[in-house]
Structures are given as C-alpha cells and as structure tokens.
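Novice: Residue numbering for the sequence shown follows the numbering used here, starting at 4 and increasing by one per position.
Watch out, some of these pointers could steer you wrong.
Claimed, not checked - Computed list of lysine-lysine pairs in PhoX-like fashion (alpha-carbon distance at most 20 angstroms, straight line): (1) K296 - K277; (2) K48 - K164; (3) K145 - K158; (4) K249 - K130; (5) K253 - K302; (6) K121 - K72; (7) K253 - K277; (8) K158 - K148; (9) K48 - K13; (10) K164 - K121; (11) K48 - K72; (12) K130 - K277; (13) K158 - K121; (14) K13 - K72; (15) K253 - K145; (16) K277 - K249; (17) K48 - K79.
Said to hold, decoys possible - Distance ranges between label pairs, derived from CB positions: (18) R290 - L78: 43 to 49 angstroms; (19) G271 - K48: 16 to 22 angstroms; (20) I283 - T187: 40 to 46 angstroms; (21) A52 - V214: 35 to 41 angstroms; (22) E189 - K48: 48 to 54 angstroms; (23) S269 - E188: 43 to 49 angstroms; (24) L160 - E189: 17 to 23 angstroms; (25) E45 - E200: 35 to 41 angstroms; (26) D259 - R7: 15 to 21 angstroms; (27) P101 - G185: 53 to 59 angstroms; (28) D309 - P101: 33 to 39 angstroms.
Quick caveat, the hints were computed from the structure, so don't treat them as lab data. Values in this document were obtained by computation on a predicted structure and should not be read as measured data. Note that the Cβ used here is the ideal one computed from N, Cα and C, for glycine as well.
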Amino acid sequence: LPPRHYSYVKISEGCNHRCAFCIIPSIRGDLASRRPDAILREAEKLVAAGTRELLVISQDTSAYGLDLKHASYPLKGGGEVRAHMTDLAEALGALRTPDGGQPWVRLHYVYPYPHVDKVIPLMAEGKLTPYLDIPFQHASPKILKSMKRPAASAKVLDRLKNWREICPDIAVRSSFVVGFPGETEEDFQYLLDWLTEAQLDRVGAFRFEPVEGAQANDFADPVPEEIKEERYARIMEHSAKISAAKLQAKIGTTIDVIIDVVDEESGGATGRSKADAPEIDGEVHLRDAGHLKAGDFVKVDVEDADAHDLFGVPTA
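Please work from the sequences and hints to get the whole structure.
Specialist: Printed below as a string of structure tokens:
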C-alpha cells in the first residue's frame, strides 16, 4: 500500500481507443467515468485524513466524462461540477489540507487532446502540479498509424513549446514502445531525433511484446529480439542524457519537495520534486533532514544531480 501522504484517485475505467498493441478495451470495456461529485467526496476524505498528494489515474484521463456527456452534478455543500477533466482537475486543486495547505494534484495517462491545453494555465497559476504524464508511444507517423494512435508528432512539438511558454516549470513524462512490428532503423532514428527536440523530462520505454488478443501480434515484419534489445538500450541512454542535462541545470536552484522517507539515524531523507511521480520518476536525496517527516513539504537547495535524481539540503 502507498504511504498515507499520497493517494491514487481513479476517475474512470476502460477506454474508447483501439490501439493495436493493447487489449484493455476487451478486458475492461469502453470508457466508464465515475461521477465527479463522488470523486471529489473521495478526494476530500483522503485529504482530510492526511493525503498531501493526489495522483489522478485512469486508462484515458483526457476522455473523462465523455460517456457522461460532460454533464454537471450538484455538490453537497452547494455549487456544481462538470464531468470534464479540466473542471475536475480545477476542483481537486481547490481542496485544502486540515492545516490549510494545498495538496499536489498530478495528472497521469493524459492523451494529448486539444482541451489538454486548458489545464496548462491552471498549472501556471499554481492550482495544479505542473506535471503531465502523456503516453506518446512513438513519434514516427508511419508507426503511430500502424499502432492506431493519434499521429501528429510534429504538432506535439509545437504544443510542448507553447505549454512551456505558459508554464515554464511544467514537467512532461512519457512512455514509448520500441521494436513494434514494421519499425525500421529510420523509424527508430526519427523517434530519437524527435526526443532530442521534445526534451521530455522523464521517459520510460518498453520493448514490444505480443499480448494475447492484440491486433499487432499478426502484423508483418516483426522486429528481431536482438534489435529490440539494442533499440531499448539506445532510447534509454538517449533519454538519460537529456534527463541528466535538465537536472544539472537545477543545481543552485531552490525547489519544492514532498518527503517520502526519513532516516533518522543517518539524518537523511528521500523525497520528490513536482517533476517526480512516486515509483516511476526520480527522487530528491536530502542531507541534514532527520527532523522532517513523511508528507512534509519543504524547500530544498539543490547541490548536485545525476541522470535521474537530485541531491540537496533543506533551506535554512
């Protein structure tokens, strides 16, 4: 179970997409959104009980409320909330902890639909954690089309640039599939070049594996295992260099950190910045931090960095 200071909030189940490598819709069905008033009630209880960070999850967060026709629902204390990602995110960002603090609200599994642009100003205004987890999966238009994914990687670069202009602190994480059937060296190089331009903060990668029931299993030109391995190693090395440079630039700055673990014996602590979701991203390692406790928000002076993590000390 995750520590009490962060909690996952599931807003919907299932998915309307039919990606060639995925069988989620056949297992979990089409998108079924929870009512926004019920989600907010759950989130309020979590925050009242000590949660300092809400991680919003689903199979497709951007499509939230589509099946509810984005209807509005009355709230217990008056007012109403619309079943729409932007409205729900804003309502979650307005929650307060018992001591009047603002919990972090982190959005995961966000498809890059046009209305995602509307949550960026909320991040710039401090209403949401400036973090987006967007599973792009690839960049080659040919492979995206074959995967049955939205195929507009060039437009995505423009949007990333725009998002960073509105909210310079935004961190974007993504995941990619390498070795998809039909992926040539040219397609893979296109992906690496795209990543160089995109300058994503965090990147995860998976080697394509046939999943029972997935359409892609029968696609022509499967990629040999040794090439999948080689491409996986290359994308991870490529991404680590980008991550290292981005983290290096944070040395000498002061950042907000949420504390996850404190080692009273050594006086050290481990936490995460706003750019880091638990378990999948990097960490911030602190010295002289034995007085802190899990769930604390602290300002940290960054002293060092490697390819994934930051090292620092709580500000005096």
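Novice: Now, for every hint given, state plainly whether the structure supports it.
Specialist: Outcome of the hint check:
A C-alpha spacing of about 18 angstroms is found between K296 and K277, which places the hinted pair at or below 20 angstroms, so the restraint holds. Of the supplied pair hints, the one linking K48 and K164 is violated, its CA atoms being roughly 37 angstroms apart against a limit of 20 angstroms. Restraint check for K145 and K158: the C-alpha separation of about 15 angstroms stays at or below 20 angstroms, so the hint holds. Using a Cα cut-off of 20 angstroms, the hinted pair K249 and K130 is violated, with the two alpha carbons roughly 24 angstroms apart.
Between K253 and K302, the direct Cα distance comes to roughly 13 angstroms. Compliance with the 20 angstroms bound is thereby established for this hinted pair. Among the hinted pairs, K121 with K72 is consistent with the structure: their alpha-carbon atoms are about 18 angstroms apart, no more than 20 angstroms. Restraint check: the Cα-Cα separation between K253 and K277 comes to about 13 angstroms, which is no more than 20 angstroms; the hinted pair holds. The suggested pairing of K158 with K148 holds, with an alpha-carbon distance near 15 angstroms, which does not exceed 20 angstroms.
At most 20 angstroms may separate the alpha-carbon atoms for a hinted pair to count; K48 and K13 meet this at roughly 14 angstroms. Proposed proximity of K164 and K121 is supported: the alpha carbons are some 15 angstroms apart, at most 20 angstroms. Taken as a hint, the K48 and K72 pair is broken in the structure, with Cα atoms around 27 angstroms apart against an allowance of 20 angstroms. Among the hinted pairs, K130 with K277 is consistent with the structure: their alpha-carbon atoms are about 13 angstroms apart, no more than 20 angstroms.
Distance check on the hinted pair: K158 and K121 sit about 16 angstroms apart at the alpha-carbon level, within 20 angstroms; holds. Among the hinted pairs, K13 with K72 is consistent with the structure: their alpha-carbon atoms are about 19 angstroms apart, no more than 20 angstroms. Taking the CA atoms of K253 and K145, the gap is about 36 angstroms. The hint is violated against a cut of 20 angstroms. Only pairs whose Cα atoms come within 20 angstroms are accepted, and K277 paired with K249 is accepted, the gap being roughly 14 angstroms.
In summary, the hint linking K48 to K79 is supported, as the alpha carbons are separated by about 13 angstroms, within the 20 angstroms threshold. Against the hinted window of 43 to 49 angstroms, the Cβ-Cβ separation of R290 and L78 comes to about 45 angstroms, which satisfies the hint. The hinted window of 16 to 22 angstroms between G271 and K48 is violated, with their beta carbons roughly 32 angstroms apart. Look at I283 against T187: about 29 angstroms separates their beta carbons, and that is not inside 40 to 46 angstroms.
At about 37 angstroms, the CB distance of A52 to V214 agrees with the hint of 35 to 41 angstroms. Checked against the given bound of 48 to 54 angstroms, the beta carbons of E189 and K48, roughly 52 angstroms apart, stay inside it. Taking 43 to 49 angstroms as the suggested C-beta distance range, the pair S269 and E188 conforms, at roughly 47 angstroms. Between L160 and E189 the C-beta distance comes to about 19 angstroms, which sits within the given range of 17 to 23 angstroms.
At roughly 39 angstroms, the beta carbons of E45 and E200 sit within the given window of 35 to 41 angstroms. The hint said 15 to 21 angstroms for the Cβ distance between D259 and R7, and at roughly 20 angstroms that hint holds. Between P101 and G185 the beta carbon distance is about 54 angstroms. The supplied range of 53 to 59 angstroms therefore holds. Range check, D309 to P101: about 37 angstroms between beta-carbon atoms, so the 33 to 39 angstroms window is met.
Against the hints set out earlier in the document, violations occur for numbers 2, 4, 11, 15, 19, 20.
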